[in-house]
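*Asks:* The chain contents come next:
2 protein chains.
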Amino acid sequence: MAVYTEVTDDELARLIAGYDLGALLSYKGIAEGVENTNYMVHTSEGTFILTLYERRVDTADLPFFLGLLEHLNRRGISCPLPVRNRNGEVLTEISGRTAAIVTFLEGVWPRRPRVEHCAEVGRALAGLHLAGKDFALTRRNALGLEGWHALFDRFAPRADEIARGLGNLIAYELAYLDRAWPKDLPSGVIHADLFPDNVFFIGDKLSGLIDFYFACNDAWAYDLAICLNAWCFEADFAFNATKARALLSAYQSARPLTEAEYEAFPTLARGAALRFLLTRSHDWLHTDPNALVKPHDPNAYVRRLRFHQEVNSPGEYGLERVR
Amino acid sequence: MAVYTEVTDDELARLIAGYDLGALLSYKGIAEGVENTNYMVHTSEGTFILTLYERRVDTADLPFFLGLLEHLNRRGISCPLPVRNRNGEVLTEISGRTAAIVTFLEGVWPRRPRVEHCAEVGRALAGLHLAGKDFALTRRNALGLEGWHALFDRFAPRADEIARGLGNLIAYELAYLDRAWPKDLPSGVIHADLFPDNVFFIGDKLSGLIDFYFACNDAWAYDLAICLNAWCFEADFAFNATKARALLSAYQSARPLTEAEYEAFPTLARGAALRFLLTRSHDWLHTDPNALVKPHDPNAYVRRLRFHQEVNSPGEYGLERVR
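Residue numbers (the numbering used here), protein chains in the order written: chain R, 1 to 323; chain B, 1 to 323.
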């Protein structure tokens with residue numbers, strides 16, 4: 001939980017006066033959120049989120065992220081819409097931080113995803129991929145294969161402080177992925193972090209997608225593999241084939257995988273597991289014990305990675321070959 | 001900032017289904033709040049606050065606090081209104097905590113109170129005192145003179161870890177108040193914690209009062225002295241006589257002080273300063289350095305207490321004798 005930067009009432013009232021949002025009625029710091037400071041703001045025009053961008057976000061990336069949200073909204077995707085001020089700008093400044101105001105999305109994220117949630121997410125992810133097709137800006141995936149090596153180099157000597165043998169596991173996997181990582185798969189804008197806390201539901205119906213601050217250009221099927229990791233394992237690390245089938249077939253009903261994507265899927269699943277294992281391991285070793293936000297346990301992704309290493313064919317995930 | 005207890009979407013949806021509040025649309029943990037966990041909840045019927053009562057609140061006091069809010073709402077005071085579930089109950093349970101849902105009040109609290117804010121608060125405090133007159137329940141002030149002694153006993157040997165001479169200052173002041181503390185002043189329900197973060201404004205107009213979890217029965221003028229301490233000193237600890245005059249005269253325009261209250265006011269101001277000096281000192285010494293909430297600096301109340309000790313007459317506060 002985290003409000004890193006305090007905003008005063010006078011500052012916020014002054015900021016809001018620069019938008020067509022009516023009068024400031026109230027604002028509350030939101031406890032969720034790891035990267036940035038978020039306030040929920042009520043004005044006479046409705047509910048909005050004010051985000052202050054903290055350390056970890058490179059402000060040079062913000063035009064991509066916020067432009068993407070505008071593009072996706074135009075394409076009918078339910079995600080936060082950046083609000084422009086009277087100068088037509090999306091980016092502003094408050095309390096010494098670069099900031100933006102976006103529309104508030106109703107919905108709750110599922111703490112215990114069910115099969116129906118997984119199907120909704122699969123469908124929404126395919127919709128997102130298709131809607132992003134003609135977005136003009138691009139952003140390299142800093143957390144791709146090359147980035148994984150760089151990240152591992154930063155903590156490799158200390159990896160076994162987390163779990164015995166973790167250094168070897170990661171080194172082995174990186175060597176495998178260097179050989180096996182697919183090239184030239186169908187690509188475009190991917191969300192790259194579509195975990196349950198970034199997907200809102202009202203009842204069983206998906207109401208919106210949030211937190212596009214890892215979005216980038218990469219293979220679409222890799223994004224699907226991230227979702228498989230995020231949505232289809234239980235708290236005891238068991239793979240849930242029913243959820244996976246629901247996720248994958250809902251995705252394919254909107255965008256069927258190519259033969260190359262189908263064949264590559266187990267490798268993509270390994271890469272996706274490794275990506276989160278790497279960032280979690282790094283954060284585990286580098287988080288100040290007094291930090292407001294507790295790091296995620298890397299072990300959940302050790303377990304997923306070991307599962308994927310045993311998979312022999314795409315069909316074991318419940319993935320159907322459709323063409 | 002503090003969300004001590006997590007609430008899952010399923011639990012909350014189940015809880016909300018027991019009220020006439022329509023469907024759950026969203027909920028966010030609020031970073032503000034020291035004592036309890038608060039969620040801002042949107043349902044199809046509006047915005048509400050779900051409070052989970054943590055350690056420091058004695059659940060035996062909740063019927064007083066929540067009954068008071070209902071009473072004050074009936075008397076036209078703008079404060080949170082507890083929502084009853086379909087069984088007619090205000091208190092419920094979620095995530096292993098006693099909890100309640102109250103209406104959400106729009107407004108922002110002033111980070112830098114101005115004279116106009118002080119006048120509004122004075123008026124609102126008098127209104128609160130008068131509206132509480134016929135409230136049936138009572139609650140002893142656990143943080144009265146007797147409670148101050150008990151609290152000091154808990155940290156007296158370590159007081160000078162905070163500031164050299166603090167132990168002597170408090171012991172001297174307690175001895176003075178034992179002799180001088182007024183008895184039989186006009187009494188009733190007091191808020192007892194009406195700091196700026198508990199008073200909401202929309203523009204310059206007061207929109208509501210919150211956080212009644214220190215409310216109790218005690219001398220009304222003592223509550224006014226608490227507000228004087230909370231609202232009429234600057235960040236550099238200088239007393240602001242203009243703000244004090246605005247606060248006190250607005251209060252008196254709705255409820256003029258008696259002669260006994262007028263005479264006692266400097267002593268009440270000393271007691272009010274000591275009360276916050278004591279709790280802040282205690283918390284300063286007893287807060288886990290890893291705690292989510294940083295304790296307030298006791299020194300602000302050392303400075304206020306020393307100021308009050310130099311005051312020779314009620315008129316020095318800008319208090320007018322009206323009868």
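There may be inaccurate statements among the hints.
Since the list can't tell identical chains apart, any single copy or any two copies may satisfy a pair.
As a list, the in silico SDA-like pairs of lysine to any residue whose alpha-carbon atoms are at most 25 angstroms apart [as the list claims (entries may be wrong)]:
#, residue 1, residue 2
1, 133, 46
2, 205, 25
3, 183, 160
4, 205, 18
5, 294, 4
6, 294, 5
In short, the hints are calculated from the structure, not lab data.
*Asks:* All hints are to be evaluated individually against the structure, with a verdict given for each.
*Replies:* Do the hints match the structure? See the list:
no.	hint	result
1	133 <-> 46	neither (31 angstroms within a copy, 38 angstroms between copies)
2	205 <-> 25	between (30 angstroms within a copy, 11 angstroms between copies)
3	183 <-> 160	neither (31 angstroms within a copy, 68 angstroms between copies)
4	205 <-> 18	between (35 angstroms within a copy, 21 angstroms between copies)
5	294 <-> 4	both (14 angstroms within a copy, 13 angstroms between copies)
6	294 <-> 5	both (18 angstroms within a copy, 15 angstroms between copies)
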